[in-house]
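Let's have the full structure, built from the sequences with the hints guiding it.
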Amino acid sequence: MMQIPNDKFKVVGTHLSDTEKISKPSLSFWKDVFIRFRKNKLAVFGLILLAILIFMAIFGPYMTEYDYKMTDLTNKNQAPSAEHWFGTDDLGRDVFTRTWEGARISIFIGVAAALIDLFIGVAWGGIAGYKGGRTDELMMRGADILSGIPYLLLVILLMVVLGQSLGTMIIAMTITGWINMSRIVRGQVLMLKSQEYVLASKTLGASTSRIMSKHLIPNSMGPILVTMTLTVPSAIFTEAYLGFLGLGLTPPLASWGTMANDGLPALRYYPWRLFFPATFICLTIFAFNVVGDGLRDALDPRMRK
Amino acid sequence: MAKYIGKRLLYMLISLWLIVTATFFLMKIAPGNPFASEKKLPPEIQANLNAHFGLDKPWYQQYTDYLMNVVTWDFGPSFKYKSQTVNDLISDGFPVSFILGLEAIFLAVAFGILFGVIAALKQNKWQDYTTMAIAVLGISVPSFIMATFLQYFLAIKLGVFPVARWESFMHTILPAIALAAGPMAYIARLTRSSMLEVLANDYIKTAKAKGLSSGVITVKHAMRNALLPVVTYLGPLTAGVLTGSFVIEKIFGIPGLGFHFVTSITNRDYTVIMGVTVFYSIILLVAILLVDIAYGIIDPRIKLAGGKKGE
Amino acid sequence: MKKRFSIFFSMLLVLSLFLAACGGGGDNADGGDKGDGKDVPQDLKVNINTEPPSLHPGLAQDSTSGTVLRNTMEGLTRIGPDNQPEKAMAEDWDISEDQKTYTFKIRDAKWSNEDPVTAQDFEKAWKWALDPENQSTYAYQLYYIEGAEAANLEGGSPDDIGVKAIDDKTLEVKLVNPTPYFLELTAFYTYLPFNSKIAEENAKWATDAGDDYTTNGPFHMTEWSHSDKIVLEKSSTYWDKEAVKLDTIEMVMINDPNTELSMFDNGELDWAGAPTGALPTDAMQALKDNGTLVTQAIAGIYNYKFNTTVEPLNNVNIRKALAHAINREELIANVLQGEQLPAMGIVPPTMFPENEKGHFPDNDIDAAKEFLNKGLEELNLKDPSDLPAIVLSYNTSEAHQKIAQAIQDMWSQNLGIEVTLDNAEWNVYLDKVDNMDYQVARLGWLGDFNDAMNFLEMYRDADGGNNSTGWEDPKFQELLSQSQTETNPDARQQLLKDAEKIFMDAMPVAPIYFYTNNWVQDEKLKDVFVSGLGDVQYKWAFFE
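Residue numbers (this note's numbering), protein chains in the order written: chain A, 55 to 359; chain B, 221 to 531; chain C, 659 to 1202.
Just to be clear, a hint being listed does not mean it is correct.
Stated by the list, open to error - Taking lysine-lysine and the DSBU-like style, the derived pairs with C-alpha atoms no more than 30 Å apart in a straight line are:
1) A/K185 x B/K223
2) C/K1159 x C/K1032
3) A/K130 x C/K1027
I should point out that these hints are in silico values taken from the structure, not numbers from a laboratory.
See below:
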């Protein structure tokens, strides 16, 4: 064997500038999510739309000289004009002012209900699905029983006991609202927990909470977000529906749901009373949906390129 | 499997008993009574009525009476509709709601899955955007607004369909669409989202690499797994839709069961409340059981309760 | 995989079978053109809103059941087109000197199964309703008859009830007091007869259409599809069948005013709105503009009751201030839009004509402020803002809600009184009102018969079931008692007017408006009779 003397070798050293060029900039998880979210044009548009809606909900009611509850019977059912940008309703109240006053309540109810449903539903369904066996059986049968009890009866009693207020309303929305979420999450977890990477993680000794939060929940994010974006409009309309049965918020408080409900019989005569609240509900839901989709794509670890 | 189902049936009975119990007490605590009206009855007549219908008995006796009614499936007469028993109400109303519900579920599932799959396969293309725009509309326009729109444009303006009532197949179309719109949109979104997740999986790539046609991949490999959330949702949806929708039945003048769900409660028609609740609960519990069984068929890896211990 | 597809397809098959089945059933729905050269088809299609709770005369207690019964059954009298009771099953009657005994002569009429209508049918029907075993909630409508109340409530013997069939065709009725409106009452549905032969054989004769549902009125019920529709056909056994021109009446049950009007516009109904249905408020202006809206005053009032047992509403001046500060004209013109009459009295103008003006002027803000100041002084308060917010309760309905919001605004703008609204579900609401757990509450009252007594009597005792204001006055009670024994109609009317004056001076109730019925109808439909109480009869109706 030939001997190569050591001095034939030269220490080149690391070229710091080069290595840095090749490597990925070190990014936190959330920064990464943000960058990927930003690339989704539709999602960004949705976010801007949402920002505008929230801005208007805060400042919209102050943009006119009218008060949301001030009636003016001689000016009822006026079509949109320079005086009343969105027209007036059947008691002569300004629809523009009421629309944004209603935005506060509707968006608040929608988001609050969705978040509460999310927390309870994911926790309940996740634990039930993951633990399986008797725990699953007990938890899911509990949910079944709750969804078997007549909802209206439950709400009537809630209103009688707690009084009619925004807080009671939110409780009424979420008291059974989380069940659907928990069923969806449980189904996903049942499917995912027997997949190889979860088994691997478990074999490597990962704790339950780690498996849940790092594997099961993130991989169920799609259906979770879809369900959540459904909760927002369903809460907005449940509020209107309860109002219709006398269990809603006390007038003259406005909400999009009750405005749409009141405007519905006017469709053939004074369509703006339905058009404005209904359009803004659609826009809001649209915004929540595209933002939700964007978030889902950005959060999805497999989409990481 | 048989053992599992047997066990579930037992749980079902227990759940049913708990539902009946909870409903009974809620119903008793709620203010009002079935004979309340704007023109008040003389107190003696009211007392006489209470005695006749057993409403003056102590609560535990009334409770056991109700339980007996449930067990013997004889809920007695309606307090409000005196010419009908609760069993009559259910057997008159349910077939109507059932047919309408079936049509709606068929529409919702067929179009929901179709739209969802198209959207997922053509992600970020115009097909995706169109179907998802339809879905957003479907979700954000509730059934009562949808129903009124359909009625106004298709029945009054264009005269294609009758405005309301339950007489012929043509009469069923508008209410079925109004009822299906929301669930369809939700199913479309669920399908799209879980299809996307499934399509990113390795076994799909493997299937593609094997040279399988995209049709086979979609139906045989992707959809099978993607439908799980849809199936989960279908359980409660089926129970809810088959037993009728108050709003749709009211707007279209349909003599279904959904109407009794709401009016029995606002009328405090105790026997009807109990009857329809038990009836609905049974359908709901069976639907949920079927969903759980379907899990195992769709994805054989899912072990139902009682499989492995210590999990 | 294959297996699952086959299940799927078999389900599809089942579904299509269902669809085909229900599709096939409905095709013959509108095949009714009997137009063999004969003139216009005489088939009426109306909406009766809901399933009639009971079509047993003794059990009926609501207007929907009343509508069906009034057109299928016939009592001793019938309210005729001039709003006066006319001879019906009774072809003649005698009234005793003291106006307390009525002797009716029953005409030769037949039930739809050819059985003769007898005096016993009446006696048995009325005694059936008064039998506590039968749970008749409207039995109290018969309490004008001697011994009726005792038999119904206190275990009195049915033999002591003052109704007796002297023979098959003679019915004798003894009353507690002279009752000038008794012949109107005998047209009311609780006073209808039923075929006692059938009822003895089949206790459930009234639960469905069929051979056992025998009728003696202008129409016969041939189909009762629960919660869906009722079909009436011209009766071939009715004594006055020449007067009846309609061949069939289809009564559908649509519980949504918008749908009802849409069906009317689409030609699927011949009538939309009161008295059997309702019109959406938002459509009123358009219907008025195109001249199709028909309006008719009826005997009914919409009230805001005050709870006179709580502060500050126990103060008469505060109550008067609130009652005066309502602009009823504006409310009617812009919110209700049904040409209702402003109410400044409690008895409808159909009974007291001077109540078109009422006891005080509408929208009298100056007087309201004066009353308010006096009231505040008595309560030792300086300013309206010192008053606690007044809670205005109503039960859920679009109309009640609108009225409440408008009045809330009127009170706060005219008087500076803060008002909070309290919207409650119907049963919860009734419970609240019954327990006097309210301050101001909306309640309506529709007359059962055309007499002022009907609108005053409920305020006789503070604990009376329909008073719910906590108010009573010995002078008021005295006047009502006098009126019950007074046989001179004019003197009696004056006693009741004096009573109303006392009532309005105390103002335990702020009257808002007198009801009207509003509807639209097919132009060719004539002679549908809607009475002053808002009851509808199709006996004389026809299509031109």
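Going down the list of hints, with the structure as the test:
{"no.": "1", "hint": "A/K185 x B/K223", "in the structure": "holds, 20 Å"}
{"no.": "2", "hint": "C/K1159 x C/K1032", "in the structure": "holds, 21 Å"}
{"no.": "3", "hint": "A/K130 x C/K1027", "in the structure": "holds, 27 Å"}
When each numbered hint is compared with the structure, no violation occurs for any of them.
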